[in-house]
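All residue numbers for the sequence shown refer to UniProt numbering, where the first residue is 1 and numbers rise by one.
The hints are simulated quantities; they were obtained by calculation from the structure and are not laboratory data. Be aware that a few hints might be false.
In silico BS3-like links for lysine-lysine, alpha-carbon gap of 27 Å or less [to be verified]:
id, residue 1, residue 2
1, Lys398, Lys383
2, Lys273, Lys132
3, Lys305, Lys132
4, Lys158, Lys189
5, Lys412, Lys398
6, Lys148, Lys180
7, Lys158, Lys174
8, Lys172, Lys231
9, Lys363, Lys412
10, Lys158, Lys180
11, Lys412, Lys401
12, Lys27, Lys132
13, Lys180, Lys63
14, Lys357, Lys433
Model, not experiment: these values are computed from the prediction.
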Amino acid sequence: MATAQLYCVCRQPYDVSRFMIECDICKDWFHGSCVEVEEHHAVDIDVYHCPSCDVHHGPSLMKKRRNWHRHDYTEPDDGSKPVQAGTSMFVRELQTRTFPNGDEILQPMQGSQVTQRYLERYGFRYPIAVHKMEGLGLCLPPPDFSVKDVERYVGGDKVIDVIDVARQADSKMKLSAFVKYYYSPQRPKVLNVISLEFSDTKMSELVVVPDIAQKMSWVENYWPDDSYFPKPFVQKYCLMGVKDSYTDFHIDFGGTSVWYHVLWGEKIFYLIKPTPANLALYEEWSSSPTQSEVFFGEKVDKCYKCVVQQGTTLLIPTGWIHAVLTSQDCMAFGGNFLHNLNIGMQLRCYEMERRLKTPDLFKFPYFEAICWYVAKNVLETLKESREDNCLPPEYLIKGVKALITALRNWLKREVTEPASEVPDHIRPNHLIKMLTKEIQHLENGNCGSKLMKSHGISACPSTRSAHERGSHARRTARRLRDHHHHHHHHSHGPKAPSNLDIFEQHTQEVLKKLEMGTYEEVSGINEYRKCHSGLCVFLKSNGLKLNRICSEYATSPSTEEDAIQGMLSMAGLLYSHPSEDPSSSQESWWSRTTHPSPDYSKRGCPAKLKHRIQEHKNFMDSQGSGSNSSSEAWSSRTHFPGHGEIPTLAYQYCETSLSPPLHPSKRPASNPPPISNQATKGKRPKKGMATAKQRLGKILKLSRHKPFFV
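Generate the whole structure from the sequences, applying the supplied hints.
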């Protein structure tokens, strides 16, 4: 057997996932990390001498800078070539350009106004700016949280994607190396971090995403726990950019909507509306060989400039084309999500990515798989709307039509490209057929829409998740209804206080008790939020339905009340002290703490977090600065979701900057196989620790995912 060739001072075989550099004297190859050469630094070396060769031949020779406006700064500056995006001359020129004011398109809103209900009613077509984060459900570290703190919570050994802004090229480095660069007195170049997804790190505990991003997210609502594909993690990014970082025009992967919050510093967004004309221009520009030499903002009718300052949260809807300039050193948090409001536009963006041959690395992971899961769930929603005689909202009908077309095309494509993303327990042709049938039903007016309108029956709630839907429960209710049909006709006289009122009142009490802190012990904020939002959504979407059914058909109010009480108590949501006055001296769960902190109490976030950060700082400092302290102390003293090394995606060093259509943009988190998917470890409740929502689901047989085995 021939033995593998060994390289570098460490004498190891070739590893595709590690950056290497060749010595121009001895011709051996060396790991950048073994000879202290960062990947982004290698491009500045003209002739490389390894540690043993530089003893005899002197140090490596560096390239000479000849210009400030080209990605390749060694090109002679003879005035013949245009300015390229990201270079220092480009940034100077960008700062002097004038743009229409972002206020023309930005919707300023208060956090508490940004709800699923609001967006379902008025649409999510324009960017929203929220200047005070209260009411968004967003929790973040305090504004004095530093780049060093990020290193403490994420671990310095994490390999991150870094963009060399002046070359618009992507490279990898350890977080510790970026931190060292960030704090160096003279930064040799402009580096930008926009793809650090931290769901699988300790830092995840410090961030709770906005309610809207959680509640509307396709992944959160429709991705089954037993999926063969690994769950996509794109909800928690930390962005660290130094002054003059620039990201050129792009659409977020898969047409995701995105939220950004500037913790400190400032970012300037250049926003372009995704009109058909602008999208066509964007696709043309993206595929042009001179992309980096053309400022896309000039090609379109209007490009709006929005300055996002410290403390502001920006929500950008599907398909908006945007570039970002970091005008001061800045830390921001953000996340991406797909949702039901702009399904057609999401699909258009995805198809465009395919035509532009965007590498998988820059695409939404398993986008087609999530679309199949959504289709399966939306089919149930449409069936229920029809059976309950109410019209689904217009955006959903339009979205489903676009979805049907896309799914059909993907199935056709599978004949030639067998890389299938159809989940195992889905019958694709049957699903498409059933969806088409539901849409035809609506269009032929078979659903009695005239009747509905004349009776003034409102549209159904439409964006329920699988767990919240309870089709079984409704069918049971329907059977009951049919059974009692001859007793109860539709002629309702003036009603006594309806069962709806009783149920509403009861819900309010349960929620109030939930908020009074009884659930604080259930593994912290996330669990509380799951219980609270899950119950709210469940009661909103199902409660009203149940009540309509019950108030029309129940044999007696008391049996209905008992039934609902029974369900809730079985789900562990009722307490045996109904006499307790909810307005008693108990504080809300988030204000009750032994370490009050002005930072957090202002933001409606647990003051505990602030304390935890401080504790962690103290602990990390006490570990000293020994080389192994960070990693060892880390794993032995902190409870990490899992210790498995996440395999980083293979990458090779490549001298040239990325080809035009692939200018660096945010990447989804690399997805390890399901077995070692750290981000899911520690997230699911332990056996017997089911969330309230899950318990309620069990009782109402809401869980429609049958486990299956691969």
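Hint check results:
1. This hinted pair checks out: Lys398 and Lys383 have alpha carbons roughly 16 Å apart, not beyond 27 Å.
2. For the hint linking Lys273 to Lys132, the alpha-carbon distance of about 25 Å falls within 27 Å, and the restraint holds.
3. For a cut-off of 27 Å, the pair hint linking Lys305 to Lys132 stands: about 20 Å separates their Cα positions.
4. Among the hinted pairs, Lys158 with Lys189 is consistent with the structure: their alpha-carbon atoms are about 21 Å apart, no more than 27 Å.
5. Taken as a hint, the Lys412 and Lys398 pair is honoured in the structure, with Cα atoms around 22 Å apart against an allowance of 27 Å.
6. Proximity of Lys148 to Lys180 is assessed by CA-CA distance (about 9 Å); at most 27 Å being required, the pair is judged to hold.
7. A hinted pair counts as satisfied when its Cα atoms are at most 27 Å apart, and Lys158 with Lys174 qualifies at roughly 6 Å.
8. A threshold of 27 Å between alpha carbons decides the hint, and for Lys172 with Lys231 the separation of about 24 Å falls inside it, so the pair holds.
9. Taking the CA atoms of Lys363 and Lys412, the gap is near 21 Å; set against the 27 Å cutoff, the hint holds.
10. Annotation: proposed proximity of Lys158 to Lys180 holds, straight-line Cα distance about 14 Å (limit 27 Å).
11. Distance check on the hinted pair: Lys412 and Lys401 sit about 17 Å apart at the alpha-carbon level, within 27 Å; holds.
12. Taking the CA atoms of Lys27 and Lys132, the gap is near 58 Å; set against the 27 Å cutoff, the hint is violated.
13. Proposed proximity of Lys180 and Lys63 is supported: the alpha carbons are some 23 Å apart, at most 27 Å.
14. Restraint check for Lys357 and Lys433: the C-alpha separation of about 30 Å exceeds 27 Å, so the hint is violated.
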